[in-house]
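**Q** Modelling step: build the complete structure from the supplied sequences, incorporating the hints.
One-letter residues, chain by chain:
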Amino acid sequence: MRIRCPLCGDRDSREFTCMGHETYMHRPAGEGWGPAWDSYLHLRDNPAGVTRDLWYHGAGCTAWLLVERDTTTHDILRVELASDAKRGNA
Amino acid sequence: MVKLVEKTPAEGLLPLEINGISLTELVPAAITSLMPFDGQEAAASALLSSLLGMECPHPNRSTGRDGARAVWVGRGQIFVVGKAVDASVARHAALTDQSDAWAVFSLQGHGVEDVLARLTPLDLNRAVFKRGHAARSLLGHMSAVILRTGENTFEIMVFRSMARTAVHELETAMRAVAARDALR
Numbered sequence: 001m002r003i004r005c006p007l008c009g010d011r012d013s014r015e016f017t018c019m020g021h022e023t024y025m026h027r028p029a030g031e032g033w034g035p036a037w038d039s040y041l042h043l044r045d046n047p048a049g050v051t052r053d054l055w056y057h058g059a060g061c062t063a064w065l066l067v068e069r070d071t072t073t074h075d076i077l078r079v080e081l082a083s084d085a086k087r088g089n090a
Numbered sequence: 091m092v093k094l095v096e097k098t099p100a101e102g103l104l105p106l107e108i109n110g111i112s113l114t115e116l117v118p119a120a121i122t123s124l125m126p127f128d129g130q131e132a133a134a135s136a137l138l139s140s141l142l143g144m145e146c147p148h149p150n151r152s153t154g155r156d157g158a159r160a161v162w163v164g165r166g167q168i169f170v171v172g173k174a175v176d177a178s179v180a181r182h183a184a185l186t187d188q189s190d191a192w193a194v195f196s197l198q199g200h201g202v203e204d205v206l207a208r209l210t211p212l213d214l215n216r217a218v219f220k221r222g223h224a225a226r227s228l229l230g231h232m233s234a235v236i237l238r239t240g241e242n243t244f245e246i247m248v249f250r251s252m253a254r255t256a257v258h259e260l261e262t263a264m265r266a267v268a269a270r271d272a273l274r
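So the protein lines, in turn, are chains A and B.
Residue numbering for the first sequence is 1 to 90, as defined by the numbering used here.
Residue numbering for the second sequence is 91 to 274, as defined by the numbering used here.
In short, the hints are calculated from the structure, not lab data.
Heads up, none of these hints are tricks.
If you anchor each label on the Cβ, the simulated ranges turn out as follows:
{"#": "1", "chain 1": "B", "residue 1": "241", "chain 2": "A", "residue 2": "23", "range": "46 to 52 Å"}
{"#": "2", "chain 1": "A", "residue 1": "4", "chain 2": "B", "residue 2": "216", "range": "19 to 25 Å"}
{"#": "3", "chain 1": "B", "residue 1": "215", "chain 2": "A", "residue 2": "31", "range": "51 to 57 Å"}
{"#": "4", "chain 1": "A", "residue 1": "22", "chain 2": "B", "residue 2": "156", "range": "42 to 48 Å"}
{"#": "5", "chain 1": "B", "residue 1": "143", "chain 2": "A", "residue 2": "9", "range": "26 to 32 Å"}
{"#": "6", "chain 1": "A", "residue 1": "31", "chain 2": "B", "residue 2": "101", "range": "47 to 53 Å"}
{"#": "7", "chain 1": "A", "residue 1": "58", "chain 2": "B", "residue 2": "98", "range": "24 to 30 Å"}
{"#": "8", "chain 1": "A", "residue 1": "18", "chain 2": "B", "residue 2": "151", "range": "25 to 31 Å"}
{"#": "9", "chain 1": "B", "residue 1": "261", "chain 2": "A", "residue 2": "49", "range": "44 to 50 Å"}
Cβ-to-Cβ under 8 Å is the rule here; a few derived chain A residues that face chain B:
{"#": "10", "residue": "7"}
{"#": "11", "residue": "8"}
{"#": "12", "residue": "9"}
{"#": "13", "residue": "12"}
{"#": "14", "residue": "14"}
{"#": "15", "residue": "15"}
{"#": "16", "residue": "59"}
{"#": "17", "residue": "60"}
{"#": "18", "residue": "61"}
{"#": "19", "residue": "62"}
{"#": "20", "residue": "63"}
From chain B, some residues computed to sit far from chain A (all C-beta separations above 12 Å):
{"#": "21", "residue": "109"}
{"#": "22", "residue": "112"}
{"#": "23", "residue": "126"}
{"#": "24", "residue": "137"}
{"#": "25", "residue": "185"}
{"#": "26", "residue": "188"}
{"#": "27", "residue": "199"}
{"#": "28", "residue": "201"}
{"#": "29", "residue": "250"}
{"#": "30", "residue": "254"}
All C-beta atoms, glycine included, are put in the ideal place defined by N, C-alpha and C.
**A** Below you can see the structure in the form of structure tokens.
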């Protein structure tokens, strides 16, 4: 599997670490426990198909990436810097 | 008083020459990490240019020349290698002294790509990875900066603590390529 890092270009998967679903980018406001925190920490779908997750390019430019991929075909559909995605959402 | 002895990262290990490819240690006068503040990239680049005659490189590139080089080494991070960076640049960027933190090697010779191909997943084909191109990637299991400085010349930087391992890995790869050549 190869991931096209927006900074480094096409790179081997051994340079990356997967953190988990995009949910980790959307931390609930406040510190009081509630369903939002429960969902943020524990609840994930397990899709057969397109999913979006966070990958760390630790052996490269050290950027966090938001990767859209298909779990059934292993296709990488889209990659962007998590920082760009976050700014876009703000 | 104890008399301290200054040692280079690969003291006593280099130079090596195997099958026409040489591995030598480089000891830059200074290495400074330069990380421009948000929105200050252009100002930092302009100031660096006026001070040292080289702009901040774009991702996967380097600027300058032997003895004074600026190398892209990661997201928002540049290493200035060979020349000290004036403190005035700190207005636009976070500066940290990395001079003694890195081991720097020069790997040179015909077929040098074959040696590196055994250690890094990068595509180093000279049509793709040209002179002045730089990459942050792996050398074996070590995080490394790999930079093409000439037709058959690469500079490789690894953490200083990894110097002995890097020399061992490179020497093993050089011997393996030489062994294959001997069978031709």
